[in-house]
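Spelled out from the first residue to the last, the chains are:
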Amino acid sequence: MTDLFLTHQDALAGLDPAFIKENPEFVEAYGNINLKDIGALNTVLKSVDQLLKKYATPNDKIKNTVEIIFRQILSRYPLLFGYWKRFTAIEYQFHGLETSLKTLENATESFPHSVDLWCDYLKVLIVNYPKESELIKRKIDKAKELVGWQFYSHPFWDLILDYYLKTETDVIQLYHELISIPLHQYAKYITAFKKLLTERKLTEDIKKVDAMGKQNQIMVNQIWRFESLIKQNYFNLTPLPPSEVENWINYTQFLTKTYCDKPQLIRSVFQRSLIPCCFVEKIWVRYLTWNQSIDTTKDLSKLDDLIQLYEKGCRTLPKTTHEFRWMFIDRLEKSYASNEKAGKVLIFTSFCKCIKNMIEIWPYRQDQIKSMETYLRMLKISKYYSSLDTPSKQLISQQTTYSKYLETCINNFISDRVDHSIVLEDLINERNLAVVVVELIRTTWLVLKKTLQTRKYFNHFSKHPSLRTSVDFWAIYYNFEKSTKNFVRLNSFVSGLGTDLLLPTSFINDIINDYKIFYLLNSNITEYQTGKIGPTSSHNSESAVILDPILEIGFKINNPKWTRKISNNGRINKIDAYKNSQYKENGHPGIVSDTPQITNSIIQRRSKSFKNILPGLPTFRNLEKINQIGNYRDYYSEDILNSKQ
Amino acid sequence: MKTIIQEILRAQLRGGTITEYSSVRSNVYRMSYHQYNNGHYQRNTGYNNNNNNNYQQRNNGYGYQNGYQDHNNRSNNYGQRDTYPSRERGATRTHHINDNIVRSTNQLYMGDLDLSWTEDTIKEIWKTLGEESIRVKMMMNNIMNNNNTRFSGGNTTTNSDNTKNQGYCFIEFSTNEQAANALLKNGMNIPIFPQRRLKLNWGSGGNSNNNNSNSNNNNYNNAKPTDESNMSSNDTNYSVFVGDLAPNVTESQLYELFNDKYPSMIERTRVMIDRVTGVSKGYGFVKFINAAIQSRAMIELQGAYLNGRAIKINSTGQRQQSQPQYSTDPKSIGNGNDNKYPNKNNKHHNKINKLSLFMLPVQQLPRMNHMTDPNNTTLYITKISPYVNELELEEYFKPFGSYYDKLRIFAPEEDDGDTNNNRPSSKSYYQQGIIQYVNRYDAERAMVALHQYAIDDIPLQLSWGLPVDDDKLKIKQQDIQLQAQPSYPNDIYSYV
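Keeping their order, the protein sequence lines are chains S and L.
Using the UniProt record's numbering, you'd call the opening residue of the first sequence number 1 and step up by one each time.
Using the UniProt record's numbering, you'd call the opening residue of the second sequence number 1 and step up by one each time.
Honestly, the hints are just simulated from the structure, not real lab data.
Even for Gly, the Cβ is constructed at its ideal location relative to N, Cα and C.
Where hints are given, some of them may not hold.
[What the hints assert, rightly or not] Keeping only pairs whose Cα atoms sit at most 27 Å apart, straight-line, the calculated DSS-like set for lysine-lysine is: (1) L:406 / S:282; (2) S:302 / S:353; (3) S:139 / S:201; (4) S:393 / S:341; (5) S:319 / L:383; (6) S:319 / S:393; (7) L:406 / S:561; (8) S:383 / S:393; (9) S:282 / S:370; (10) S:262 / S:282; (11) L:261 / L:312; (12) S:370 / S:334; (13) L:185 / L:123; (14) L:383 / S:370; (15) S:102 / S:131; (16) S:319 / L:406; (17) S:356 / S:344; (18) S:463 / S:404; (19) S:485 / S:456; (20) S:516 / L:398; (21) L:406 / L:383; (22) S:123 / S:166; (23) L:383 / S:561; (24) S:46 / S:231; (25) L:383 / S:463; (26) S:334 / S:282; (27) L:137 / L:123; (28) L:137 / S:370; (29) S:625 / S:584; (30) S:561 / L:398; (31) L:398 / S:370; (32) L:137 / L:287; (33) S:102 / S:188.
[Unchecked claim] Over 10 Å on every C-beta distance to chain S, these chain L residues come out as not near it, computed from the model: (34) 115; (35) 128; (36) 277; (37) 300; (38) 309; (39) 408.
The shape of chain S in the complex, shown without the other chains (with noise of 0.2 Å):
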């Protein structure tokens, strides 16, 4: 939290306006500042340069700024070293030794694997505390562990040596030690130490210095060929070209394979090639699983480091790196049924910080759900243990304190009542809910058998926005009403997949078929004719068509969103049929078929009834129609061209 705060803290608040005006450049530099750019941020270096010239003796406030600057960038990328070695030096300017050398150590505690943030501090130390020789002493074994196995640590060889003289300790030791590390200047040493050894007439080490000198003369050779390759072993913000990586990638494979008896080495050149690739997650794949496979005690600080060092590649990796964070969980779950009550606290702790994480960073639902599942699984494990020999009873209390405990969750999350506190609360949100409520519903009706109970879930939970979206939820109830083989509330359920239920594709199809073969296998007369009817529940018989099972659902196979026209719409209306002229040309426009009639026919008329009077002359009916033009209808333009308006 302090870190975003740092992060999007102005530092200009705090500056006269005097001041700001009169400093444009210097402003417009921070106003500027990128922090994907190393060049704005070196812009904002020099102009910080500039500033401290022209004002000799700042005042706090601009004390203050350039602090909050420099904390600002070394927060965020604490590998620049540079930086660092710039921000030591002003702060020695504001505040003096003291300072300073404070600014150093939290330095090499950033970044505790440069040699050159190494030398400075203990050059500081040794300089102006040389009466505190136990701290120095301290520190220096502490330098030596981090970075005495670098291939380019001289210096910082040089400088203990040089120290061990002035205080008049015995280097024997310090030299045994070192002539047996592949260093770049190696030879320099085992001159020096053979030098010594002369001096003090020990003829019979210098064989053996020979000996080890010759050995780590071909193995400075072997490790040169990679060495050699590496052009840029500081950390910078653009990217590394690949071949740098890969060249970290076969140095490690060759040291892994070829001197596993010198852990120390390997860990070194993994720590140092996690400064330029401190973003490549291959690399950190690589030490970790490297690291577990050297440190099979179940040692708990072991198990902190381990989980420590996970954790800061957490910290470091982008966000969308996925396998490393897998890799830890993994490690986690495996790993916490072997360990005693302390470290399962420490591995169940830091489980539930990764997964924590992970919902945070990873937007998708599928990994949202994944992180879910997996803490899930992992809860039960922790917390709702079972093993064979559990007597039943206890098991059902505990199964239905684990169903309690979800529904608990996820009422107060539907209700908006999260409780931080609570991991599995602070845990849900919209697109992991599913699998919470997923897990209740399979617990109460495969575990605990309560099949009312999990109907009344189902109607419940159905309703929520955020779960009728999802698959999981919805195949859970396709399963269960298969089980009950309730082919009313089924129906209406494939009916509306695709309508109502917008879910993919796929999993649509697969319903459909698999509920086109359950349904000619189980279903009979009586429940195809009353199933098309839908459920009472369902209040608005417009917007729920209930499909033919057999007949309808399958057009619904890759086109989810049919549905059935509702009836009499765009038909024929079959009382008035026949009367159409259409239904009586029968496709043949013009053609007569209002026949024309005499209305006052002789034909068939006794002679006797025209009583010697003339019949009149005929009269006609329908007689205008043969003329009539046939009336063609459109039905290109009606629905197409016009439709289109």
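Dock chain L against chain S, hints included.
Relative to chain S, chain L alone:
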């Protein structure tokens, strides 16, 4: 009308059926149709009345054949022309090149060339054959292809090499005799390239003929036969360019289309075939026997449908050169064969313009891009919910068919440190994706089924797209380095 009623009565008395009635009525219809058409004809051909009574009388009974009026009109003109048999002799109207006429040139066509040969290569070949003073015009593969890129689609072979020739060239000899001599070498093995044979013919460039001279004469409104020299001096080719052909149009189809409209006026048709793929290049040429038909066809058949596609007719370069000689005398523009009726020329010209009012509209085909390409199978998906990754989205698109590579999602451009990514209003909230199906059918089905299909209550938007290069993604990969490092929870949960 009285007769109809009588017939109906008679039918009624016979107990007639509907069909009989209808047959009666159809008779009525036909009659009125006759009348209608006749009237129509009268109106339409009004401008023809005073100058061609004979024609009108002949056609009166067949008024409904109004559509063939041009045809009849012309055949009539033939009739007129036939009264001058001496002049027409020799100009047989067939659709292949008339040898007698062509041989008056000194240009040869040379085909079956290697595509990499240049003009210099051809000269070299003829040098070895003893012909030194020749000029070669190599047909290169550049101009037409530009007109034609849309038909080639993904087929790059037609576009790729502008440097290659079209496989034939024209060779101009200094005299006609030399050309005729050279033609005798047809079929001979080429000395430098023994695997190839010479393929020679008379060049089409010098194809002046009698009809041509006719049209020349029209300008002066005299019907005198012209001498040979006049004919050969006018070196004109009455061809038109026909573009936008459907790929399956054959030369004979093209010939039929033009020949139906102007019988016996077509000398030859040609559809350009890509030598590499053997597929039509989508354009061709039609050669007429005279300029009048050429100019009429350019107007009248513009946009006619051939195999479901409107053709486009354009002049070739040579046509335009011969244009000025018509424009000098506006009266004479039009049908050269009407020279017997000089006073009608103007009318005829009007007719062409009138007809042009009824011509089929030239359908403007839209420009070829990813939206209009009928073979595009790439779908561009926008408004993807930010919570969906590639694997999940594939579940939506997978069932429709197989696709290349995999579905790809481009994460929205991340503004550094900004938290406004979580607002649906900001553009970067949604993701975009691309999927390239193997089959167009699958892509279309997916588009129909999934457009506006909501994921997380956000309707997807689909449109046709283009495959995206990996470059864009690679840059994204590099950006990973610069991403803000994730914050990691520091606090330990209290209850543990």
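Hints versus structure:
no.	hint	in the structure
1	L:406 / S:282	23 Å, holds
2	S:302 / S:353	19 Å, holds
3	S:139 / S:201	32 Å, violated
4	S:393 / S:341	25 Å, holds
5	S:319 / L:383	22 Å, holds
6	S:319 / S:393	45 Å, violated
7	L:406 / S:561	24 Å, holds
8	S:383 / S:393	17 Å, holds
9	S:282 / S:370	22 Å, holds
10	S:262 / S:282	22 Å, holds
11	L:261 / L:312	16 Å, holds
12	S:370 / S:334	17 Å, holds
13	L:185 / L:123	15 Å, holds
14	L:383 / S:370	24 Å, holds
15	S:102 / S:131	18 Å, holds
16	S:319 / L:406	22 Å, holds
17	S:356 / S:344	18 Å, holds
18	S:463 / S:404	21 Å, holds
19	S:485 / S:456	17 Å, holds
20	S:516 / L:398	21 Å, holds
21	L:406 / L:383	19 Å, holds
22	S:123 / S:166	13 Å, holds
23	L:383 / S:561	19 Å, holds
24	S:46 / S:231	26 Å, holds
25	L:383 / S:463	25 Å, holds
26	S:334 / S:282	21 Å, holds
27	L:137 / L:123	10 Å, holds
28	L:137 / S:370	72 Å, violated
29	S:625 / S:584	14 Å, holds
30	S:561 / L:398	16 Å, holds
31	L:398 / S:370	22 Å, holds
32	L:137 / L:287	20 Å, holds
33	S:102 / S:188	34 Å, violated
34	115	42 Å, holds
35	128	57 Å, holds
36	277	35 Å, holds
37	300	28 Å, holds
38	309	20 Å, holds
39	408	14 Å, holds
Of the hints listed earlier, those the structure fails to meet are numbers 3, 6, 28, 33, in rising order.
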